[in-house]
Amino acid sequence: MTTVTTAAPALARRRTRAARPWTLALALLLTAWFAVSALWPHLLAPDDPLALHLDSALAAPGPHHLLGTDEAGRDLYSRIVHGTAPSLAIGFGASLVSLALALVLGGLAALAARPVAAVVDRLVEVLFSFPSLLLALLLVALLGQSALTEAIAVGVGTAPGYARMVRGQILSVKGSPYVEAAVTLGHSRTRILRQHVLPNAVRPLVAVFALSVGQSIVWASSLSFLGLGVAPPSSEWGALLDAGRLYLTHAWWLTIVPGLVIVVLALTATTLGKHLQTSLERNDR
Amino acid sequence: MSRTEDVLADATPTLTTTPAAQAGTDQRAGAGPAGVPRFRVAGLGVGFTRAGTQRQVVEDLSFDLFPGQCVAIVGESGSGKSVTARTLVGLTGAGSTVTAQTLEFEGRDVRRFSGRDWLRTRGAKIGFVLQDALVSLDPLRPVGAEIDEALRLHGWGSRHSRARKVVELLDSVGVPSPRLRAAQRSGELSGGLRQRALIASALALDPDVVIADEPTTALDVTVQAQVLDLLAQTKRRGVSILLISHDLSVVARLADQILVMRGGRVVERGTAQQVLTDPQHDYTRALIAAVPGEHTRGTRLVPPVDGAEPAPVPAPRAAPAEPVLEARGLVKRFPVAGGLRRTAVDDVSFALHRGRTLGIVGESGSGKSTTARLVLALTAPDAGEVTLLGEAWSTVPEPRRRARRSSIAVVQQDPLSSFDPRWDVERILLDSLPAGHGDRAVRARRVRELLEQVGLGEEVLPRSPLRLSGGQRQRVAIARALGSEPSVLVLDEAVSALDVSVQAQVLDLLADLQERLGLSYLFISHDLGVIHHVSDEVLVMKDGRVVERGSADDVFLRPREAYTQELVGSLPRLADARRDTTTTTLTSTTGETR
Numbered sequence: 000m001t002t003v004t005t006a007a008p009a010l011a012r013r014r015t016r017a018a019r020p021w022t023l024a025l026a027l028l029l030t031a032w033f034a035v036s037a038l039w040p041h042l043l044a045p046d047d048p049l050a051l052h053l054d055s056a057l058a059a060p061g062p063h064h065l066l067g068t069d070e071a072g073r074d075l076y077s078r079i080v081h082g083t084a085p086s087l088a089i090g091f092g093a094s095l096v097s098l099a100l101a102l103v104l105g106g107l108a109a110l111a112a113r114p115v116a117a118v119v120d121r122l123v124e125v126l127f128s129f130p131s132l133l134l135a136l137l138l139v140a141l142l143g144q145s146a147l148t149e150a151i152a153v154g155v156g157t158a159p160g161y162a163r164m165v166r167g168q169i170l171s172v173k174g175s176p177y178v179e180a181a182v183t184l185g186h187s188r189t190r191i192l193r194q195h196v197l198p199n200a201v202r203p204l205v206a207v208f209a210l211s212v213g214q215s216i217v218w219a220s221s222l223s224f225l226g227l228g229v230a231p232p233s234s235e236w237g238a239l240l241d242a243g244r245l246y247l248t249h250a251w252w253l254t255i256v257p258g259l260v261i262v263v264l265a266l267t268a269t270t271l272g273k274h275l276q277t278s279l280e281r282n283d284r
Numbered sequence: 000m001s002r003t004e005d006v007l008a009d010a011t012p013t014l015t016t017t018p019a020a021q022a023g024t025d026q027r028a029g030a031g032p033a034g035v036p037r038f039r040v041a042g043l044g045v046g047f048t049r050a051g052t053q054r055q056v057v058e059d060l061s062f063d064l065f066p067g068q069c070v071a072i073v074g075e076s077g078s079g080k081s082v083t084a085r086t087l088v089g090l091t092g093a094g095s096t097v098t099a100q101t102l103e104f105e106g107r108d109v110r111r112f113s114g115r116d117w118l119r120t121r122g123a124k125i126g127f128v129l130q131d132a133l134v135s136l137d138p139l140r141p142v143g144a145e146i147d148e149a150l151r152l153h154g155w156g157s158r159h160s161r162a163r164k165v166v167e168l169l170d171s172v173g174v175p176s177p178r179l180r181a182a183q184r185s186g187e188l189s190g191g192l193r194q195r196a197l198i199a200s201a202l203a204l205d206p207d208v209v210i211a212d213e214p215t216t217a218l219d220v221t222v223q224a225q226v227l228d229l230l231a232q233t234k235r236r237g238v239s240i241l242l243i244s245h246d247l248s249v250v251a252r253l254a255d256q257i258l259v260m261r262g263g264r265v266v267e268r269g270t271a272q273q274v275l276t277d278p279q280h281d282y283t284r285a286l287i288a289a290v291p292g293e294h295t296r297g298t299r300l301v302p303p304v305d306g307a308e309p310a311p312v313p314a315p316r317a318a319p320a321e322p323v324l325e326a327r328g329l330v331k332r333f334p335v336a337g338g339l340r341r342t343a344v345d346d347v348s349f350a351l352h353r354g355r356t357l358g359i360v361g362e363s364g365s366g367k368s369t370t371a372r373l374v375l376a377l378t379a380p381d382a383g384e385v386t387l388l389g390e391a392w393s394t395v396p397e398p399r400r401r402a403r404r405s406s407i408a409v410v411q412q413d414p415l416s417s418f419d420p421r422w423d424v425e426r427i428l429l430d431s432l433p434a435g436h437g438d439r440a441v442r443a444r445r446v447r448e449l450l451e452q453v454g455l456g457e458e459v460l461p462r463s464p465l466r467l468s469g470g471q472r473q474r475v476a477i478a479r480a481l482g483s484e485p486s487v488l489v490l491d492e493a494v495s496a497l498d499v500s501v502q503a504q505v506l507d508l509l510a511d512l513q514e515r516l517g518l519s520y521l522f523i524s525h526d527l528g529v530i531h532h533v534s535d536e537v538l539v540m541k542d543g544r545v546v547e548r549g550s551a552d553d554v555f556l557r558p559r560e561a562y563t564q565e566l567v568g569s570l571p572r573l574a575d576a577r578r579d580t581t582t583t584t585l586t587s588t589t590g591e592t593r
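Heads up: the protein sequence lines correspond to chains V and Y, in order. For what it's worth, numbering that gives the first Met the number 0 labels the leading residue of the first sequence as 0, then goes sequentially. For what it's worth, numbering that gives the first Met the number 0 labels the leading residue of the second sequence as 0, then goes sequentially.
Rather than coming from a laboratory, the hints here were simulated on the basis of the structure. There could be a bad hint or two in this list.
Label pairs and their in silico Cβ distance ranges [claimed, not checked]:
| no. | chain 1 | residue 1 | chain 2 | residue 2 | range |
| --- | --- | --- | --- | --- | --- |
| 1 | Y | S348 | V | G174 | 26 to 32 angstroms |
| 2 | V | V205 | Y | S171 | 53 to 59 angstroms |
| 3 | Y | L179 | V | R188 | 44 to 50 angstroms |
| 4 | V | V35 | Y | D438 | 45 to 51 angstroms |
| 5 | Y | R235 | V | S278 | 52 to 58 angstroms |
| 6 | Y | R421 | V | V35 | 40 to 46 angstroms |
| 7 | Y | D438 | V | L137 | 54 to 60 angstroms |
Backbone N, C-alpha and C fix where the C-beta goes; we use that ideal spot for every residue, glycine too.
Let the sequences and hints guide you as you build the complete structure.
Take a look at the structure:
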């Protein structure tokens, strides 16, 4: 009797990639680090981030200054740690603005009476046709420069995409057999909305929110880099990036290091979001 | 979706190793046909290893498939029949272990086939017909191109001769205006035409063997009859057919040999006539008894387990009292492309009396589900009216209807999608209780009572419907429908997705509930046997209109209209095994285009 075993390497590989617990562990570790630097920056960087040491200006990374110093001799490591709070605030703020707006616009487009829904639909489409960054630039130009306007600008800039998503989610839940079943049970519109439509439409947005935080920070940094973000003395990462641009040729660390930190944060948020999404989906299926 | 789960669940009890020796001495019943068997299978075992545990899904399966013969493997979900079919063509799947004494195709051991051997064999020598042609055919390519590819891959002829062959093939499987159809995509064809196109591509290279895995399960009865006739013709040309089906009556129409599988093992085998008319094994008997139809009216489909008590036959139902639900001249139109309106429901009237069952039967697109939605006031009719318990129903505004919705409830076809995915069974049932139904303890007691009514235990309460079997899910759906103590239950294809033995249990349950609670059923199904079994009166619908109505026996045994006669005539019956299948001819293909 012969035995033939069919292995499926491709499938097996895919399964391990989906699980990969170490990415989650790393992401959680980094989240903890970012959380501490946002809440208690003095624990990680006791020095004043704005203290000037003109004698050691533009020092390369080394034992004295872990990540080097800028043109005024300010320690880059301290500035990055102390810049976490404003950067994260803008990221979270922008995501909140974006999702709140998306919920309102998407909800109206899916649930409001036909004329209202049609107007909202067109509005979202018009907003959608602008590139996000352009929309954000426009808002900063209108509202003036500050951390708050930056968050609003980025939030509004990225909202149309999410609004479309919310609308689609609500529509698909609204047409589902379980909502129909609830109608036949004699439940009121508001009860069905509260009990079935909103929770099921919003649930996938939890993961989207985590993804959106990472994305918003990148957008906010781009605005700062263009000089339209938070004013220079702030240690917000986009602002650091912008300030370092002038010295790119002889002090690379001023640009590369904040850039890398932004990338790491965005990756961390994205990884958490992905894991959240798969665990939610696993509960679904 | 739940199919794989079922496979694993049902296969658990058979977790043993393949007994090797005895299969060789196996007597193959009725080994009549001349010639060398195309497939020789002896002692086949298939196991899957998942997460480190080995599960045996097929054990000790043996059969020979002779030229011009049809061997059918019958069984319910998880019996291992589809895995067997896939194993024969080397597509068992990931993590599988195949063992056998003999596993030969035309004298060669298929386990020694190389990839190249398979490429030469699949399609050319073995054709495969799967259940759902819609997913088996590429939606973006014309069906002609699909068939052409089968020919091209095996280096058949020039481009021109292939084009001719494609048209010829489509013509030979009874596709009208084949030249036109070859240029259409699968989405533009009706279910029957798609299935025929798939059969045409399976037959393209004149294979010796066709493996048909549930080839008619997704089809309406009249189309099913056409496809079965087509396969019978193919068989007469000397092609061997391995037919996989859960439906004994489909098998009866085509098979010479039948293997009944359960939990990966063959529990009974023999000629079609032996198995269907004189079944030896209890399971086969139960399967045959579970098929609803004319002979099962007024009886239980599942005999009591201990056999001590005779199956109670419900007393003849009381003479019709006042109608609980009435529809008068219902019309519903839907806009279609080009500013036109399609009439989905056209002048439909009926009355449903207390404690009785009104069956609506029709093929897909006949308007029966739209009728259900109109009755449930989920959509408003364009003309006509529905009254419920003698009061206006479809014409009153929804807020006024809401309080009265407790008197009419629905059980949908797919229970899983009818439950909020976040909820467990307890939440689903609590939610179904009408407002102001006592305090917490009273509600909890009522939920347990509902579960008991549908024959489920309390242990399902904290579970998500995802973790329940198909039959349990449908029971939960029925319990939810009963939550508001309705007088009318609309059952929209409520048993269509279930295995025949589970379907039998649910039908018995519905009969019990009707008797105990005095419910009236509006029972909608495409399955003539089910409708005949449950209904007092029957409406036959076609293209939105009622073509025939009357008592169940009148409609099914003495149909007056040509369409009803065609429907009833298309219905495969267990008794077909006694008939010579070679006398059936390809039925008319008109009215099949879309």
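Does the structure break any of the earlier hints, and which numbers would those be?
Those not satisfied come down to hint 6.
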